[in-house]
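Novice: Residue numbers (the numbering used here), protein chains in the order written: chain G, 3 to 308; chain H, 13 to 315; chain P, 98 to 445.
There could be a bad hint or two in this list.
Computed cross-link-like contacts, DSBU-like style, restricted to lysine-lysine with a CA-CA straight-line distance of at most 30 Å [as the list claims (entries may be wrong)]: (1) P:181 x P:207; (2) G:196 x H:16; (3) P:113 x G:35; (4) H:90 x G:196; (5) G:196 x H:17; (6) G:35 x H:136; (7) G:35 x H:142; (8) G:196 x H:36; (9) H:261 x P:297; (10) P:113 x G:42; (11) G:35 x H:137; (12) H:36 x H:207; (13) H:142 x G:196; (14) H:134 x H:100; (15) G:196 x H:241; (16) G:45 x P:113; (17) P:210 x H:261; (18) P:245 x P:301; (19) G:42 x P:154; (20) G:196 x H:134; (21) G:45 x P:154; (22) P:297 x H:36; (23) H:25 x G:196; (24) H:36 x H:261; (25) H:25 x H:82; (26) H:90 x H:16; (27) G:196 x H:93; (28) P:185 x P:210; (29) H:25 x H:100; (30) P:441 x H:261.
Don't read these hints as lab results, they were simulated from the structure.
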Amino acid sequence: MTEQKLRDGAFDIVGMHREEQEQLSSKPVSFWKEVLYRFKQNKLAVCGLIVLIIIALMAIIVPEVSQYKYSDQLGVYNQPPSAEHWFGTDDLGRDIFVRIWAGARISLFIGITAALIDVIIGVIWGSIAGLAGGRTDNIMMRIADVLTAVPYLLVVIILIVVMEPGLVPMIIALCITGWVNMARIVRGEVMSIKNQEYVLAARTLGAGTAHLIRKHLIPNALGAILVTMTLTVPAAIFTEAFLSYLGLGVPAPRASWGTMASEGNKALMSYPWRLFFPAFFISLTIFAFNAVGDGLRDALDPKLRK
Amino acid sequence: MLQKKILEVNGLKQYFGSASNPIKAVDDISFYVYEGETLGLVGESGSGKSTTGRSIIRLYDVTGGDIHFKGQNIAAIKSRKDLKHFNKEMQMIFQDPYASLNPRMTASEIITEGFDIHGMYKNKKERAEKVAELLEAVGLNRMHASRYAHEFSGGQRQRIGIARALSLDPSFIIADEPISALDVSIQAQVVNLLKQIQRERNLTYLFIAHDLSMVKYISDRIAVMYRGKIVEIGPADDIYNTPRHPYTKSLLSAVPQPDPLSERTRTRIPYVHEETDGDMIAHEVSTDHYVFATSEQLARWQL
Amino acid sequence: MKPKLLQVKDLHVHFKTYAGIVQAVRGVSFELYEGETLAIVGESGSGKSVTSNALMKLIPQPPGIYAGGEILFNGRDIIPLSDKEMAKIRGNDIAMIFQDPMTSLNPTMKIGKQITEVILQHKAASRSDAKERAMELLNLVGIPFPEKRYKQYPHELSGGMRQRIVIAIALAANPKLLIADEPTTALDVTIQAQILELMKDIQKRSNTSIIFITHDLGVVANVADRVAVMYAGQIVEYGTVNEIFYNPKHPYTWGLLGSMPDLSNSSDELLRTIPGSPPNLIHPPVGDAFAPRNEFAMAIDYEAEPPMFQVSPTHFAKTWLLHPDAPKIDVPQVVQQRIDRYVKEGEA
Numbered sequence: 003m004t005e006q007k008l009r010d011g012a013f014d015i016v017g018m019h020r021e022e023q024e025q026l027s028s029k030p031v032s033f034w035k036e037v038l039y040r041f042k043q044n045k046l047a048v049c050g051l052i053v054l055i056i057i058a059l060m061a062i063i064v065p066e067v068s069q070y071k072y073s074d075q076l077g078v079y080n081q082p083p084s085a086e087h088w089f090g091t092d093d094l095g096r097d098i099f100v101r102i103w104a105g106a107r108i109s110l111f112i113g114i115t116a117a118l119i120d121v122i123i124g125v126i127w128g129s130i131a132g133l134a135g136g137r138t139d140n141i142m143m144r145i146a147d148v149l150t151a152v153p154y155l156l157v158v159i160i161l162i163v164v165m166e167p168g169l170v171p172m173i174i175a176l177c178i179t180g181w182v183n184m185a186r187i188v189r190g191e192v193m194s195i196k197n198q199e200y201v202l203a204a205r206t207l208g209a210g211t212a213h214l215i216r217k218h219l220i221p222n223a224l225g226a227i228l229v230t231m232t233l234t235v236p237a238a239i240f241t242e243a244f245l246s247y248l249g250l251g252v253p254a255p256r257a258s259w260g261t262m263a264s265e266g267n268k269a270l271m272s273y274p275w276r277l278f279f280p281a282f283f284i285s286l287t288i289f290a291f292n293a294v295g296d297g298l299r300d301a302l303d304p305k306l307r308k
Numbered sequence: 013m014l015q016k017k018i019l020e021v022n023g024l025k026q027y028f029g030s031a032s033n034p035i036k037a038v039d040d041i042s043f044y045v046y047e048g049e050t051l052g053l054v055g056e057s058g059s060g061k062s063t064t065g066r067s068i069i070r071l072y073d074v075t076g077g078d079i080h081f082k083g084q085n086i087a088a089i090k091s092r093k094d095l096k097h098f099n100k101e102m103q104m105i106f107q108d109p110y111a112s113l114n115p116r117m118t119a120s121e122i123i124t125e126g127f128d129i130h131g132m133y134k135n136k137k138e139r140a141e142k143v144a145e146l147l148e149a150v151g152l153n154r155m156h157a158s159r160y161a162h163e164f165s166g167g168q169r170q171r172i173g174i175a176r177a178l179s180l181d182p183s184f185i186i187a188d189e190p191i192s193a194l195d196v197s198i199q200a201q202v203v204n205l206l207k208q209i210q211r212e213r214n215l216t217y218l219f220i221a222h223d224l225s226m227v228k229y230i231s232d233r234i235a236v237m238y239r240g241k242i243v244e245i246g247p248a249d250d251i252y253n254t255p256r257h258p259y260t261k262s263l264l265s266a267v268p269q270p271d272p273l274s275e276r277t278r279t280r281i282p283y284v285h286e287e288t289d290g291d292m293i294a295h296e297v298s299t300d301h302y303v304f305a306t307s308e309q310l311a312r313w314q315l
Numbered sequence: 098m099k100p101k102l103l104q105v106k107d108l109h110v111h112f113k114t115y116a117g118i119v120q121a122v123r124g125v126s127f128e129l130y131e132g133e134t135l136a137i138v139g140e141s142g143s144g145k146s147v148t149s150n151a152l153m154k155l156i157p158q159p160p161g162i163y164a165g166g167e168i169l170f171n172g173r174d175i176i177p178l179s180d181k182e183m184a185k186i187r188g189n190d191i192a193m194i195f196q197d198p199m200t201s202l203n204p205t206m207k208i209g210k211q212i213t214e215v216i217l218q219h220k221a222a223s224r225s226d227a228k229e230r231a232m233e234l235l236n237l238v239g240i241p242f243p244e245k246r247y248k249q250y251p252h253e254l255s256g257g258m259r260q261r262i263v264i265a266i267a268l269a270a271n272p273k274l275l276i277a278d279e280p281t282t283a284l285d286v287t288i289q290a291q292i293l294e295l296m297k298d299i300q301k302r303s304n305t306s307i308i309f310i311t312h313d314l315g316v317v318a319n320v321a322d323r324v325a326v327m328y329a330g331q332i333v334e335y336g337t338v339n340e341i342f343y344n345p346k347h348p349y350t351w352g353l354l355g356s357m358p359d360l361s362n363s364s365d366e367l368l369r370t371i372p373g374s375p376p377n378l379i380h381p382p383v384g385d386a387f388a389p390r391n392e393f394a395m396a397i398d399y400e401a402e403p404p405m406f407q408v409s410p411t412h413f414a415k416t417w418l419l420h421p422d423a424p425k426i427d428v429p430q431v432v433q434q435r436i437d438r439y440v441k442e443g444e445a
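The task is simple: from the sequences and hints, build the whole structure.
Specialist: What follows is the structure, encoded as structure tokens:
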């Protein structure tokens, strides 16, 4: 190999190439771009996201444009799925297709509300506890412990005694107990981030608490917050369906997947589609959210980062 | 030679945990740093060397003792405004080039963080120019300003950390093991860079490390810490060539050299710590070279 | 010559990442004889840890890919082996010690149990025999009061003691090959010295072969019989420890030796450094990967990859400077002076 003919001047010393010494990979990659890339690699999570987008769009569009209203009694009872009524009709002659998407509105509404409560109460509570540490942290987290010890169902039942069943008592109950998990996670994140060297560096530069929260704590805890949120949403949707199934949820004639499943259950032997469609969409939505949450967690996992 | 003391630490104590049973991370140490010099602070993990650095820069509230910096007792500063003024004077370089840069920020955002905090260089163009200047001062390309921290190699990241420390134009820098997480060739780059900017900007360093050969090279004087106390302090050559404290001797004997012939014959001197009841004081054994011991110990170690 | 235990031929390992395929190991070949220590030295990203993990087949797939080459252990290629067959080799024939002892120990299990488990897993023995062997191992790795330690949990021990336990576990099945990946990097210098002494002592007694991965040239000089210097996924210089330290041929090795300060360095002069950073292995440079950082780079370095030139029967270097037509370049003065002093002191 060394015998090959080499051109003249091949062995002239030309020295270093300084411009190549400090080269970086050709394209700038922000953290979130990389997360997106890894998320896209996860087929199941992408499918989940597409399913969620479709469900959300249908929930927005269908009840508006359909020729039926969710409460219209059309006089055709317990029809099987057909070209006229895609998912059939129920025992009061209401179109199940429209009712499913009206119900999706309620499910998504309760899911999004739960997520908002998580962010507003849970994140703030957790960051204050984590940042303050010491005695403040202790008191705040013990309060949170006490709140988790109160079952959500019990709170809803007590509230229904004093008010109408429906979304309001559910949301109040969520405000009381729903955010504790988020608060714990955020506190843990904040505790670990605040001891990172880059936070110490900011402190030696003279940074105050507001600066630390805005520049360091929130951007770095955002991943964990997002993941927790995507897992809170399906839990809330399921709880709503469950409470409605028990008759503690939205009252008639409003459609909720839980109420529909409860009614469909009674007619299971003769008109199985009445149970099938609400049950299918409850499962599909929860599954899709969990898939997205898992995908997001894997995409954010710093251990896989190079 | 410059002999003006820029920093004087007297009886510094930094305890953690409960008041009844504290962990004495730093236990009554005193030393001073001359303006423009580099004082190396060496010790093994748990010796309290990093805690000392962090106490001086006020990342912790000190348990006891005075820290006089440019004549002011900074251990006693309470108000945020006075502390902010002090922050401009003293800066820190951290050990871990991965943990010391926020992964969600670009190089420019990291370097300008101090400007935001102190409301400096509000003009966009002026600020970009300052960032470019700092990047170039640490041997990086001005085009790198918009890159995220995780895109850089360890050595490049450490240089961004140095640029951040320089951004407020401090006069004193605490370098907390700034090279121990870096590769050999990169260590040399960073050490050269630190020396060069020290000369250009007339900086004083407190250089904390466990690598004795690098400390010997960069420091004018060396302090050796063991279990929260400074056991020996003196000019770098004296510590290296005529160590007095058995712990210093043990530490020196343990450093492997890039020389296979001598490595085959090198013997490690083990150190056994002795608890004493006598009065421990700092004995000056030669000019500026102090050993912390009882008189009886010192006489024995003479041999 | 001693019998060959391990032979690596033209090993290539790639990783698939967002930015592209990283060619972490690009054609590495070396051999290891029984009872010797080979140090693989290089900077982070040089491929030294990937190489050692590949020997244990610990590269996760994906994103890792064994893109070519052979790893012959006792003459048998282990790359095509199934996980089950590999599990038999791991621990029994090849054991590994990592940098952080805490991550290789189970924090919820007593030390004694962790050692006996490994013994029982690899060899049919009674519990009492296993315990006896475990105590023997604890004694071997120099743990004081083994009876007491046997019943303790990892967090009750210091870092140095933990690394001794990790070594004891690695030795439990009498492996023929011990791979140590920066085993002393996380330890204090005095503890490092003790662990190095221990490893040399064990090798003397049991004739184990050791592959020692490190970036610390002082440690290399202390433990190695032979040295492979890696840069950008390739071995650039390979020889006995004396050849590498006293007669280095590759400009990268010169750079490494020159960037370490020692007693002779006056604090007033700057250290000799290798400027810049290692190349990006997604798009490895054409020609000699070290050329952009090499003050002695020649035109050909930017055009063609140099072959391994033979310096002596045991010493090889991958640099065009060894080509007969290349200009004669001396070892940089600082490095040469230091070598001369070391050799003189060594003879005295």
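Novice: Decide if the proposed pair is consistent with the structure: residue 185 of chain P and residue 210 of chain P, CA atoms, cutoff 30 Å inclusive.
Specialist: holds, 20 Å
Novice: Decide if the proposed pair is consistent with the structure: residue 90 of chain H and residue 196 of chain G, CA atoms, cutoff 30 Å inclusive.
Specialist: Between residue 90 of chain H and residue 196 of chain G the Cα gap is close to 21 Å, so the pair holds against 30 Å.
Novice: Within 30 Å, alpha carbon to alpha carbon, are residue 35 of chain G and residue 137 of chain H?
Specialist: Roughly 28 Å separates the two Cα atoms, so the pair holds.
Novice: Run the distance test for residue 45 of chain G versus residue 154 of chain P: straight-line Cα separation, threshold 30 Å.
Specialist: holds, 28 Å
Novice: Check whether the Cα positions of residue 181 of chain P and residue 207 of chain P lie no farther apart than 30 Å.
Specialist: holds, 27 Å
Novice: Given the proposed pairing of residue 35 of chain G with residue 142 of chain H, does the C-alpha separation stay at or below 30 Å?
Specialist: Holds: residue 35 of chain G and residue 142 of chain H sit about 28 Å apart, inside 30 Å.
Novice: So if I understand the rule, the pair passes when the alpha-carbon distance is 30 Å or less; does residue 113 of chain P with residue 42 of chain G pass?
Specialist: holds, 15 Å
Novice: Going straight from one Cα to the other, do residue 261 of chain H and residue 297 of chain P come out at no more than 30 Å?
Specialist: Answer holds: residue 261 of chain H to residue 297 of chain P is near 23 Å, not above 30 Å.
Novice: Can the restraint linking residue 297 of chain P and residue 36 of chain H be considered satisfied, given a maximum Cα separation of 30 Å?
Specialist: Outside the cut-off at roughly 37 Å; violated.
Novice: Hinted pair, alpha-carbon criterion (30 Å max): residue 35 of chain G, residue 136 of chain H. Please report holds or violated.
Specialist: Within the cut-off at roughly 26 Å; holds.
Novice: Keeping to a limit of 30 Å between CA atoms, is the pair of residue 196 of chain G and residue 36 of chain H held or broken?
Specialist: holds, 23 Å
Novice: Quickly compare the C-alpha distance for residue 45 of chain G and residue 113 of chain P to 30 Å and report which way the hint goes.
Specialist: Distance ~17 Å between residue 45 of chain G and residue 113 of chain P Cα, so the pair holds.
Hint compliance for this structure: hints 2, 5, 12, 17, 22 are broken, all remaining hints hold.
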